[in-house]
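Student: Sequence:
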Amino acid sequence: MDDYKFRYHQLKMEYEGYQKITEEKIQQLSSENIQYQKNLDMLSNVILISNYINSNLSSNNIISMINDMIIGIIGVAQSTIYLFQDFKFVIKATNGTKESIKLTNKCKGYISKKKTFIINSKEPIVEDPQNKIAIHSRMGVPIKVGDKFIGYIIVDHPHYNFLTDFHEIFLSSIASQIAIALENSMLYKQIERAAQYDALIGVYNRKTFYNIIEERLASGTVNKYAIVMIDLDNFKQINDTLGHQFGDKVLIETAGIISSRLKEEDIIARYGGEELILYLNCNNDERNIYEEIDEIRNAISNHIVSKEGANTSITASFGVAFYPLDGENLERVINSADKLLYKAKSEGKNKVEISQMFIKESLTAKR
1 MDDYKFRYHQ
11 LKMEYEGYQK
21 ITEEKIQQLS
31 SENIQYQKNL
41 DMLSNVILIS
51 NYINSNLSSN
61 NIISMINDMI
71 IGIIGVAQST
81 IYLFQDFKFV
91 IKATNGTKES
101 IKLTNKCKGY
111 ISKKKTFIIN
121 SKEPIVEDPQ
131 NKIAIHSRMG
141 VPIKVGDKFI
151 GYIIVDHPHY
161 NFLTDFHEIF
171 LSSIASQIAI
181 ALENSMLYKQ
191 IERAAQYDAL
201 IGVYNRKTFY
211 NIIEERLASG
221 TVNKYAIVMI
231 DLDNFKQIND
241 TLGHQFGDKV
251 LIETAGIISS
261 RLKEEDIIAR
271 YGGEELILYL
281 NCNNDERNIY
291 EEIDEIRNAI
301 SNHIVSKEGA
311 NTSITASFGV
321 AFYPLDGENL
331 ERVINSADKL
341 LYKAKSEGKN
351 KVEISQMFIK
361 ESLTAKR
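With the numbering used here, letter number 90 in the sequence shown gets 90, and the count goes up by one each step, no holes.
Incorrect hints may have been included.
Stated by the list, open to error - Below 16 Å or equal to it, Euclidean Cα-Cα: the simulated EDC-like pairs (lysine to aspartate or glutamate) are: (1) Lys349 to Asp233; (2) Lys224 to Glu274; (3) Lys115 to Asp165; (4) Lys148 to Asp198; (5) Lys339 to Glu295; (6) Lys263 to Asp233; (7) Lys351 to Asp233; (8) Lys345 to Asp233; (9) Lys343 to Glu295; (10) Lys249 to Glu274; (11) Lys224 to Glu328; (12) Lys144 to Glu192; (13) Lys98 to Glu127; (14) Lys106 to Glu123; (15) Lys249 to Glu328; (16) Lys207 to Glu192; (17) Lys132 to Glu99; (18) Lys224 to Glu331; (19) Lys115 to Asp147; (20) Lys351 to Glu275.
To be verified - Simulated DEER-style distance windows between Cβ atoms: (21) Ala218 to Gly146: 40 to 48 Å; (22) Pro124 to Phe149: 56 to 64 Å; (23) Thr221 to Lys343: 50 to 58 Å; (24) Asn311 to Ile212: 33 to 41 Å; (25) Gly72 to Glu99: 17 to 25 Å; (26) Ala199 to His159: 49 to 57 Å.
Hints are computed from structural coordinates only; laboratory data are not their basis. Quick caveat: nothing in here was measured; it's all calculated off a predicted structure. We put the CB at the ideal spot given by N, CA and C, even for glycine.
When you get a sec, could you build the whole thing from the sequences and use the hints?
Tutor: Set out below in structure tokens:
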């Protein structure tokens with residue numbers, strides 16, 4: 001009988017031992033499964049952010065949008081994205097307060113070495129009593145384009161030990177995506193600018209000018225506007241005698257003189273060669289247009305262009321036409337302005353020729 005009892009207890013102990021091992025194994029597998037699920041979620045979120053970045057390259061708010069996504073995905077209280085510009089850190093996006101995102105000397109030490117860091121402290125790392133914020137967990141991950149250090153992501157949480165190595169892996173992946181986004185966004189903007197602006201003088205090109213004006217006209221808010229055609233006098237002679245680089249400088253400085261005297265809603269573009277074109281909004285009053293353009297003409301004629309010891313003065317001729325007086329659409333108004341420009345050139349240059357229809361209407365209005 002005693003043998004049976006002994007055997008029973010022995011089997012029971014073996015069973016309980018196997019049961020314990022099995023439970024531990026199940027718990028281990030469950031933990032591993034949870035970790036795999038976390039890793040999968042993290043990868044999924046990185047892909048989500050990557051796709052979002054790629055579809056929003058043209059957005060000026062892309063950094064702020066990514067910052068919001070970091071807060072939502074990681075579950076941190078604060079996230080701040082810094083970029084290194086002009087030898088200092090510039091905050092590009094944050095949801096924190098000035099006090100709560102303050103960088104401690106310890107943080108600055110890690111940043112100076114361009115290192116990833118995790119700081120967990122039972123005492124507040126930083127705090128903002130006014131807004132009842134106390135940070136006990138902070139992580140910083142550098143943003144790099146290749147080997148070039150360009151910024152940091154710093155995230156905060158009020159709970160001690162909240163941020164771990166797991167979050168570091170995720171945040172490092174996001175930092176890489178931000179670096180790619182910034183690089184692609186800069187390339188996108190360079191390509192976009194190249195397509196819209198004249199490469200030499202930095203004003204809109206002819207195609208963009210038409211696109212912008214047609215978009216404005218389609219809005220139905222434009223009742224009157226003026227088109228000004230401008231041609232630099234004797235420009236070929238300047239190129240032939242002083243060289244094309246000097247001629248380029250003449251174009252650049254002339255465009256600068258004109259641009260500095262335009263209102264915010266006015267538009268300047270290079271029409272072709274040494275010709276420029278202006279769109280002037282006349283919704284409120286067009287009566288001062290002649291005086292404004294003549295002031296520009298006068299400023300150009302008083303300007304001296306200098307380069308490598310060579311100096312020259314320049315002049316320009318102007319043709320000014322109005323919608324709807326000189327044409328029922330943009331193309332016809334431009335044609336009218338072009339004819340007036342030709343008249344200014346043929347009658348001595350360095351003058352402003354304005355629409356006769358406009359002059360007649362102005363005289364009628366005064367009577």
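Student: If a hint holds in the structure, say so; if it doesn't, say that too.
Tutor: Verification of the supplied hints:
1. About 7 Å separates the Cα atoms of Lys349 and Asp233, which keeps this hinted pair within 16 Å; it holds.
2. Using a Cα cut-off of 16 Å, the hinted pair Lys224 and Glu274 is violated, with the two alpha carbons roughly 27 Å apart.
3. Between the alpha carbons of Lys115 and Asp165 the distance comes to roughly 14 Å, so the proposed pair stays at or under 16 Å and holds.
4. The suggested pairing of Lys148 with Asp198 is violated, with an alpha-carbon distance near 31 Å, which exceeds 16 Å.
5. Simply put, Lys339 and Glu295 have alpha-carbon atoms about 21 Å apart, too far for the 16 Å limit, and the pair is violated.
6. In summary, the hint linking Lys263 to Asp233 is not supported, as the alpha carbons are separated by about 25 Å, beyond the 16 Å threshold.
7. With a C-alpha separation of about 10 Å, the suggested pair Lys351 and Asp233 falls inside the 16 Å cut-off, and the hint holds.
8. Pair hint Lys345 plus Asp233 holds up; C-alpha atoms about 8 Å apart against a cutoff of 16 Å.
9. For the hint linking Lys343 to Glu295, the alpha-carbon distance of about 19 Å lies beyond 16 Å, and the restraint is violated.
10. About 12 Å separates the Cα atoms of Lys249 and Glu274, which keeps this hinted pair within 16 Å; it holds.
11. Among the hinted pairs, Lys224 with Glu328 is consistent with the structure: their alpha-carbon atoms are about 11 Å apart, no more than 16 Å.
12. For the suggested pair Lys144 and Glu192, the alpha carbons sit about 24 Å apart, so the restraint of at most 16 Å is broken.
13. Pair hint Lys98 plus Glu127 holds up; C-alpha atoms about 10 Å apart against a cutoff of 16 Å.
14. Of the supplied pair hints, the one linking Lys106 and Glu123 holds, its CA atoms being roughly 14 Å apart against a limit of 16 Å.
15. For the suggested pair Lys249 and Glu328, the alpha carbons sit about 37 Å apart, so the restraint of at most 16 Å is broken.
16. Straight-line distance between C-alpha atoms of Lys207 and Glu192 comes to about 13 Å, which keeps the hinted pair within the 16 Å bound.
17. For the hint pairing Lys132 with Glu99, the CA-to-CA distance comes to about 11 Å; that is within 16 Å, so the pair holds.
18. Of the supplied pair hints, the one linking Lys224 and Glu331 holds, its CA atoms being roughly 15 Å apart against a limit of 16 Å.
19. Distance hint between Lys115 and Asp147 is fulfilled; the C-alpha atoms sit about 13 Å from each other, no more than 16 Å.
20. Simply put, Lys351 and Glu275 have alpha-carbon atoms about 15 Å apart, close enough for the 16 Å limit, and the pair holds.
21. Checking the proposed 40 to 48 Å range against Ala218 and Gly146 shows it holds: the Cβ atoms sit about 44 Å from each other.
22. With their beta carbons about 28 Å apart, Pro124 and Phe149 fall outside the hinted range of 56 to 64 Å.
23. A hinted range of 50 to 58 Å for the beta carbons of Thr221 and Lys343 is inconsistent with their spacing of about 32 Å.
24. Between Asn311 and Ile212 the Cβ separation comes to about 36 Å, which falls inside the hinted range of 33 to 41 Å.
25. For Gly72 and Glu99, the Cβ-Cβ distance of about 23 Å falls inside the hinted range of 17 to 25 Å, so the restraint holds.
26. With their beta carbons about 54 Å apart, Ala199 and His159 fall inside the hinted range of 49 to 57 Å.
Going through the hint list in order, the structure does not satisfy hints 2, 4, 5, 6, 9, 12, 15, 22, 23.
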